[in-house]
Every structure is written in structure tokens, then in C-alpha cells.
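Engineer: Given next are the chains, with one letter for each unit.
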Amino acid sequence: MLSAKQIQELLIKIADMYIEKQDELSKLDAVIGDGDHGVTMARGSKAAKIKVSELEDGTCRDYFKTFGRTLVSTLGGAMGPLYGSIFLEISKACKGKEEVSLNELSEGFNNGLLKVMELGGAKVGDKTMVDSIHPTVEALKKANEEGKDLANGFELAVKAAEEGVNSTIPLIARRGRSRYLQEKAIGHQDAGATSFSYLIKTIYEYLKDM
Amino acid sequence: MIVKKIINNPDNIVSDTIEGFVKAYEDKIEKLPNSNVVIRKNMEKGKVSVIIGNGSGHEPACIGFVGENMLTANAYGGVFAAPSPDTLYDAIEASENGKGVCVLISNHAGDVINSKMAIDMADDDDILCKGVILYDDIASAPKGEEIERRGTAGTLFNYKITSSYAADGHDLEEVAKMAEKVRDNTRTLTVATVPGTSPITGYKMFEIADDEIEIGMGVHGEAAAHTMKIGTAEEIAKVMCKKLIEDKPYEKGDEVAVLVNGCGQTTYMELLIFYNEVEKILSEAGIKTYKPAIGNYITTQEMGGIALAFCKLDEEMKKQWSKTTDAPGFHI
Numbered sequence: 001m002l003s004a005k006q007i008q009e010l011l012i013k014i015a016d017m018y019i020e021k022q023d024e025l026s027k028l029d030a031v032i033g034d035g036d037h038g039v040t041m042a043r044g045s046k047a048a049k050i051k052v053s054e055l056e057d058g059t060c061r062d063y064f065k066t067f068g069r070t071l072v073s074t075l076g077g078a079m080g081p082l083y084g085s086i087f088l089e090i091s092k093a094c095k096g097k098e099e100v101s102l103n104e105l106s107e108g109f110n111n112g113l114l115k116v117m118e119l120g121g122a123k124v125g126d127k128t129m130v131d132s133i134h135p136t137v138e139a140l141k142k143a144n145e146e147g148k149d150l151a152n153g154f155e156l157a158v159k160a161a162e163e164g165v166n167s168t169i170p171l172i173a174r175r176g177r178s179r180y181l182q183e184k185a186i187g188h189q190d191a192g193a194t195s196f197s198y199l200i201k202t203i204y205e206y207l208k209d210m
Numbered sequence: 001m002i003v004k005k006i007i008n009n010p011d012n013i014v015s016d017t018i019e020g021f022v023k024a025y026e027d028k029i030e031k032l033p034n035s036n037v038v039i040r041k042n043m044e045k046g047k048v049s050v051i052i053g054n055g056s057g058h059e060p061a062c063i064g065f066v067g068e069n070m071l072t073a074n075a076y077g078g079v080f081a082a083p084s085p086d087t088l089y090d091a092i093e094a095s096e097n098g099k100g101v102c103v104l105i106s107n108h109a110g111d112v113i114n115s116k117m118a119i120d121m122a123d124d125d126d127i128l129c130k131g132v133i134l135y136d137d138i139a140s141a142p143k144g145e146e147i148e149r150r151g152t153a154g155t156l157f158n159y160k161i162t163s164s165y166a167a168d169g170h171d172l173e174e175v176a177k178m179a180e181k182v183r184d185n186t187r188t189l190t191v192a193t194v195p196g197t198s199p200i201t202g203y204k205m206f207e208i209a210d211d212e213i214e215i216g217m218g219v220h221g222e223a224a225a226h227t228m229k230i231g232t233a234e235e236i237a238k239v240m241c242k243k244l245i246e247d248k249p250y251e252k253g254d255e256v257a258v259l260v261n262g263c264g265q266t267t268y269m270e271l272l273i274f275y276n277e278v279e280k281i282l283s284e285a286g287i288k289t290y291k292p293a294i295g296n297y298i299t300t301q302e303m304g305g306i307a308l309a310f311c312k313l314d315e316e317m318k319k320q321w322s323k324t325t326d327a328p329g330f331h332i
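Residue numbers (my numbering), protein chains in the order written: chain X, 1 to 210; chain H, 1 to 332.
Chain X extracted, bound-state conformation (with noise of 0.2 angstroms):
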């Protein structure tokens, strides 16, 4: 179980992570990309992460919907609204809740997966984050159906993401500026796909050293 003060910590983690990335993400988005990915994370985390760390006693939900609302409108580009969205609907799945579960986290991952199939227009083998997104979430929702604790359910998750990483290699972009490039983009794995996935390992990290 997670409490409040535990997913601020987390959030915190999540967002040096990305700002520790910043230029192996740029490179991975600069072969098929625009080259921004990682300074845009980067610059998200940056605010999201002042935000997270300046609000004292919030809710499981407050640290989330913070951390998201700061991404939307800090992130820009349509990584604001696609990883904010994310974070958005965790916060809406923690509702009320004062210690979050692989419950609570299955469901928000799942809800954030349908937001960004809808905001994006994205969907599996289209090569985008999509494809990371989707087995983390099947993962996530059959550890839980089988009753397993948070750090297995996401050490599972981590394995289902980094697959699904690779599932993007031999892709045609269907979404994404990448699919301007038709099949010169088949070799390259999708940053943001990649980007998702070194999110899910950084959960896993901080639930394996709890």
C-alpha cells in the first residue's frame, strides 16, 4: 500500500527520472521524431515536481491530480494532455482513498489508457506510447485478479512495458509526427513508448525498496 506522503516521494522520483533522461529521450525522438521528447518531459518535471513537493498533507489524490494538472499545462505539445491525462485519471481512481492499492492504480492506469486512445487517436501498432501503455495495463489488471502486492503487480508491468518497447521497432508509424516518415521508420523504437516504460520501472524501483 501507498500512503499520501509516499506517493509525493514517488512523484518526485518519477520526475528526476525524467529530468536525468532529458537528453537520451531527445535523442531517441530526433531518428523519427521532432528530437524534443526529453527536454519536454524534462521541462514538465521540472514544474510538476515544485508543485508536488510544495503541497503539504494532500490526499493520494491530490499529489496525483497536481502532478498531472502541472503536466498539462506545463508539458505542451500533446505530451501535455496525453501524460497528463494519465496522472489525471490515477488521481480520479484514488478518490477518496487514504492508502492506494495495485487496485487503485490498475484502474487508473487502465482509465488513462482509454484517455489517450481518445485524446490521441491512437492504437495498438501504431507505434506510440500506446503500445507500451496497453500490455503494462493487462499486466497490471491480471496481477491484481490474482491478488498480487503492488511491487510484484509492477515488477510484472516493467517486463509487459519493455516488450511492448520493443513491439514498436519494427512498426510503421500510424500516429505521432514519426508516421510522416512512412518506412524509414521501421529499425527505431518509439521515444514515447520509451518514455512510458521508464516510467513504470521507476514505480517498480521505489515499491522494490520500500
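Treat the hints as calculated values from the structure; they're not laboratory data.
Since this is a predicted model, take the numbers as computed values, not measurements.
Among the hints, a few may not be true.
[Said to hold, decoys possible] In silico contact screen, one side only, chain X against chain H (beta carbon under 10 angstroms); selected entries: (1) 32; (2) 36; (3) 181.
The beta-carbon is built from N, C-alpha and C at its ideal position, and this holds for glycine as well.
Starting from the structure of chain X, add chain H where the hints point.
Structural biologist: Just chain H now, with coordinates in the frame of chain X:
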């Protein structure tokens, strides 16, 4: 990484750019106090406002297109990143002048998602508001799938014609219809000779061989699906004109406005040489040209290349295209 550009801290590129712009044109343009929105100072009451949100890095687009008979306001995003829903909402709210706001949306995921969210917010606050999605780039989706195409340099026709039309006092429905009409008559294709450099990462936006040009570039340095050997201006113009004419198709007897847009690094001399070839090809095809726009309007940093766009005009559109404007970044 050394970024060989004349900038300060890359984190402040957007605010530094806006400050410079507002200082230069303070007689007619201001920035909203808490939002990256530039807006006209002397708006006429009772007219539909036309606005757009776009990523920065394309100057003079689109801040330079704010002015009389042009955009009422521009919501300004990060480099090549659409502004957030709240910035766009601020632009809508501040430009509302009694007859509603037409939001032009260049078809890119970020622009579309953020604009839709902002329009929802405006609806919720009872501000009359309507979005029109603009697409013109023939390289990004085949004929028949026009709505999948991205918005590129040809959107310039829309900023000018739709805004001038709104300034004549038409209502929001009519203004939105005009935006759709201009869009449906516009086609664009872009070639690139040299990549631009991202001012925030310092990296080249794509790689290209010394003797090749990319054909079908986007406005953010997204590499294109195809390359061709660099030829003469005449050869490149022939390839581009053929594709554009066939796509619409533009026909004998049509009258078109031509945009020869430099992407940042290409010289005015090259643009004129290229226009000369385009005019010859159109003239041979029996297509008349009307008041071309030749210059750097929508740039991708110092990318070398040309975006060529045609817009088929009727008498109303001709009137609006040629109406004078004081927008700092526009001239024909």
C-alpha cells in the same frame, strides 16, 4: 554540446523572443500579463476574432501574423510544441469581442488536442467559439485522406484570407466556412536541402546526404519519407508543381495565389529564382498567378528548403488576400 545560435539560456528562449517582439511592436501588440499570448491592442468591437496557437521556433509565424486584417491573437508554445489548453483558453477569452472566436488549428496531434481542450473550456464559460482544423501538406497522406494531412506553410493563406474576411464583419459560421474553403483550395509540398538545429537540444533535426534533398518535409524538421538528388531550381520546381497540380487538381483557367516560403536558411535570391520557374510552369498549364507571397514566413530554424503552396482563389478570396495589414511578419 555547443549550440551555435545567438541565444541566452535555452530555458528562456520563448520568453526572450516574446519580450523582443512586444518591445519592437508595442504600438500595436501586447502580451497578456500571465500568459504567453500576444494580442492586438486596437481590436474593433463586434467582429469575429481569429486566433491560432502554435509552437515557437517558426518565426515570423505565427506571432508575426497578429495585426489588422490578420490574426487577433497568437497563443505561443514551447519550441515546436503546441501551447497548453490554458494558454489557448487565455487567447480565446482575451480576444472575444462580442461575435465569437474562430480557432484555426494546424493539424498536428499537439495542436489539435490542446485546442480542443481549450474550446471545451470556452464552451463551458459560454464563449462562442469554433475550431477549424487546417491541413495542406500533400506528402503526409494520400489523396482521399486529406483530413490525415498535416498543417504546413500553406496555412498562411488561411491566416490572411479568413482573418481579413472576419474583419469585414461576417459572423462566426461564415468565418469558419471561409476557413474551410481556403483549406480545401490549398495544397503544399516542402523540400529541404539542409537540416535546422534545435535551439534547445543543439542537435541537427535530421541527416541528409550532400547531394540529396528531402521531399515532403514537415515544419518541425521531421525528416521526409523520400529523398531525391538535388537538381536545378527548374528541375525541383517541375517535380513539386506536378505533384501539387495533380493532387488538387488545379486546372486550366484557375487563378491561384502562390506561396514560395523559405524555411530559414534559403536566400531570397533562391526563392525568386524558384518562383520564376514555378510561374513558367503554371503559365504553361494555363493557370494564372495572383499576388505571390515570396519570403521566410514559416521557418524551421535555419533549415534550408522551400515550401511551395498554391491556393485557388475566387473574387472574394482575392479581395481578402490582397487587403493591407500591419502584421509585422506578413507582406505580399
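Engineer: Compare the structure with each hint and give your call.
Structural biologist: Verification of the hints:
no.	hint	result
1	32	8 angstroms, holds
2	36	6 angstroms, holds
3	181	6 angstroms, holds
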